[in-house]
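Visitor: Residue strings, one per chain:
There are 2 protein chains.
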Amino acid sequence: MLSRTSNSLLYCEREKVLPCGKDKLKNQYLQVRGVYNAIQPTPAFRPEIQTAPQRLSNKGLFMSRLYNFGAGPAALPEAVLKKAQAELLNWHDTGMSILEIGHRTPEFMQQVAEKTEQDLRALLHIPENYRVLFLAGGGQSQFGMVPLNLLSLNKHLGADYIDTGVWSRKAITEAQRYGKINIAASSAASHYTDIPSPSAWTCNNDAAYLHYTSNETIGGLAFPFIPETEVPLVADMTSSLLSEPLDVSRFGLIYAGAQKNISAAGLTIVIIRDDLLGHALPFTPTLWNYQTHDKAKSLFNTPPVFAWYLAGLVFDWIKEQGGLEEIKKINSKKAELIYHIIDESEGFYKNPIQVPTRSKMNIPFFLPSPELEKTFVSEAFQHNLANLRGHKLSGGIRASLYNAVTLEATQALANFMKTFAKKYA
Amino acid sequence: MLSRTSNSLLYCEREKVLPCGKDKLKNQYLQVRGVYNAIQPTPAFRPEIQTAPQRLSNKGLFMSRLYNFGAGPAALPEAVLKKAQAELLNWHDTGMSILEIGHRTPEFMQQVAEKTEQDLRALLHIPENYRVLFLAGGGQSQFGMVPLNLLSLNKHLGADYIDTGVWSRKAITEAQRYGKINIAASSAASHYTDIPSPSAWTCNNDAAYLHYTSNETIGGLAFPFIPETEVPLVADMTSSLLSEPLDVSRFGLIYAGAQKNISAAGLTIVIIRDDLLGHALPFTPTLWNYQTHDKAKSLFNTPPVFAWYLAGLVFDWIKEQGGLEEIKKINSKKAELIYHIIDESEGFYKNPIQVPTRSKMNIPFFLPSPELEKTFVSEAFQHNLANLRGHKLSGGIRASLYNAVTLEATQALANFMKTFAKKYA
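Top to bottom, those sequences are chains A and B. As numbered in the working numbering, residues 1 to 425 make up the first sequence, in order. As numbered in the working numbering, residues 1 to 425 make up the second sequence, in order.
Only chain A is shown next, with the shape it has when bound in the complex (with noise of 0.2 Å):
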């Protein structure tokens, strides 16, 4: 396990792995679920989802759709996938299926490539000197991505990361192996329910850049701040990005995989001011470097077209809803409900995040038994909640809040756990 000092985790050499498997991060989260709970959880489990007539409404009412609280792959707007369903045989009267358009065509070029850009740059006012890129594969690819491509700013091959949790940590032994990583500040001494005072933090000043996850998707830690830096800042923002404003002018780089706020699974944009571009180490491959993808619109290889396209749905529905300062508003209103109810349930619901920290995105909390968690998820599908099982690596519950998951399917769940935690306290 590891130390709350944890002064094992500074300077970690190259080529070597972060001293904590997972195994270990394992131990983590069951000591954090041991402080409230003084229980070992049981192994992980899934209920099998049921089929449809065993489902209904709150009010007694089989749905086809239920309320998907999954964490990622996630829910995605109802408006959105009716528009993808209708235009799918036949897209923007071209004769073809988007998913058979040529990504080189002027009609995937205009009015994906270049509109989806446009509208994500209205939609973040993104400065002029960043360049947005929309690549294929996951968030995790950035991992290596980012080192690969920012490292060499440091001549020491040297950067500062944050250690939050499961996925800060996963960027860290990635980026372990290309150079010489920092742990400028860890939430391991408080079990990764809070953030370290940037006060304490052990940055270098000359680091090649600064590398945190603002929402802990698995464990439900956010920063409530951008942190002051004198080096690039490069943020994991898969499960944040687009939930609310962002002032990107603070960023040296900003990535998010797809599957959470922006489309389906496949796709992950990066934003990049542009004097970032052109440090990629020497044996980069051709498709990892940055600038291969600038230089080229996105369009140096066949993209993920469908997901591209998918996204830009999801940015006009997004502008429907009135732009990010009102998805900021819904999103917070529906963290304020789940997490009233599990203040006022008198510890039957328990979340372990330090209030400021608490994320809006992921709210995982735990129940007074592992059992009783069991319960909570079956009864809850039965109430069309669905994928409210907590991650295998911490157990409980979790309820993710993407802004495809509407007030009333929050409203849904809180009414549930309401009633649950009046059954069974």
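Derived by calculation from the structure, the hints in this document are not laboratory data. A few of these clues could be false.
Since the list gives no way to pick one copy over another, a pair counts as held whenever it fits inside one copy or between any two copies.
Cut-off 25 Å, straight-line C-alpha distance, at most; resulting in silico cross-link-like pairs (DMTMM-like, lysine to aspartate or glutamate) [said to hold, decoys possible]: (1) K328 - D119; (2) K418 - E320; (3) K82 - D93; (4) K374 - D93.
Given chain A, work out where chain B should sit, using these hints.
Guide: Just chain B now, kept in the frame of chain A:
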């Protein structure tokens, strides 16, 4: 321009790029064209796709869907599109879209991941000692992954490549960044209209592997045989896999981007003999190490869920067609229809490829002038025949006849070609 003897291509030094840039390749193709037409082609052109009401079927009836002869992303079977459309909001009665479903749910793992692998194994009779990987990204990722994973099999990081056109050359260029690449044979001498006899190949008996491109999508040059070799045989089968039966046991590794005969863009299939796993060079990104994905059954990180699912629907469709033997018969018939028109056109249509090495998947041909080719593309479009423009490197016309292009569509193209030749010859 490449010399016919092209000795300079042999034993290119590590880190040097192939002495043949894009412009030289273009010249090479223009020379091919010149052999037949003695005309300098005009700059690349692409007619704007017209709106639907301007399109008429051969019988004068409006068709909502075009006959799509695009080279990829390409036509998909209409039955597959309709199935995907029908279940897009509620997949397999899960109450969720396949676009929203978690890749670690039992539904996805059983009904997509496991089923597609089993189906592909059955279709291709893949031996047990081969692993099947479903990876994110396009076929070009393999230009880097193959050398990164296999070059260490030779102590000098040496591998043999066969140069038959644009795509094999791209593979060579990337491999040269990592090892000592021997061009064991090149079609340059024939201006990429023929494949040198294997008796003339200069292979190394201890090469890490021998790489070839089974079908050159741009040039329309295809291997009518599987090369004999003592070393692991690696094939880029992006535009030929699943177009006919294949003896997988002859290969060390086969890869194919999905956007031709398999699925939509964003997925690449790798079939690898199990003894070739575990040899990645030390700086290979974790996500580019085949072993990473093999150990995790292609679920190490979030995969391209939708394209994987769609591949499953295509496999089902191939089974419904009677399997790869039947598919091959239809594909042969389709190719014969078009080559017959070309060969009987008294030189109006010209395909420069030597007959035994003609591709059944991609048929490039030239008309007497670029102006007439422009007219051809434009008039063909009015007959619902779309995406016939040749690649920008080659000019001319190209008809791609992947599995999903029906005999009916091919017959419509053949009829149009005949009428067009009568009108303009």
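Visitor: Evaluate each hint against the coordinates.
Guide: Right, here's what the structure says about each hint:
no., hint, result
1, K328 - D119, "within (18 Å within a copy, 45 Å between copies)"
2, K418 - E320, "neither (32 Å within a copy, 51 Å between copies)"
3, K82 - D93, "both (17 Å within a copy, 17 Å between copies)"
4, K374 - D93, "between (48 Å within a copy, 22 Å between copies)"
When held up to the earlier numbered hints, the structure conflicts with hint 2 and nothing else.
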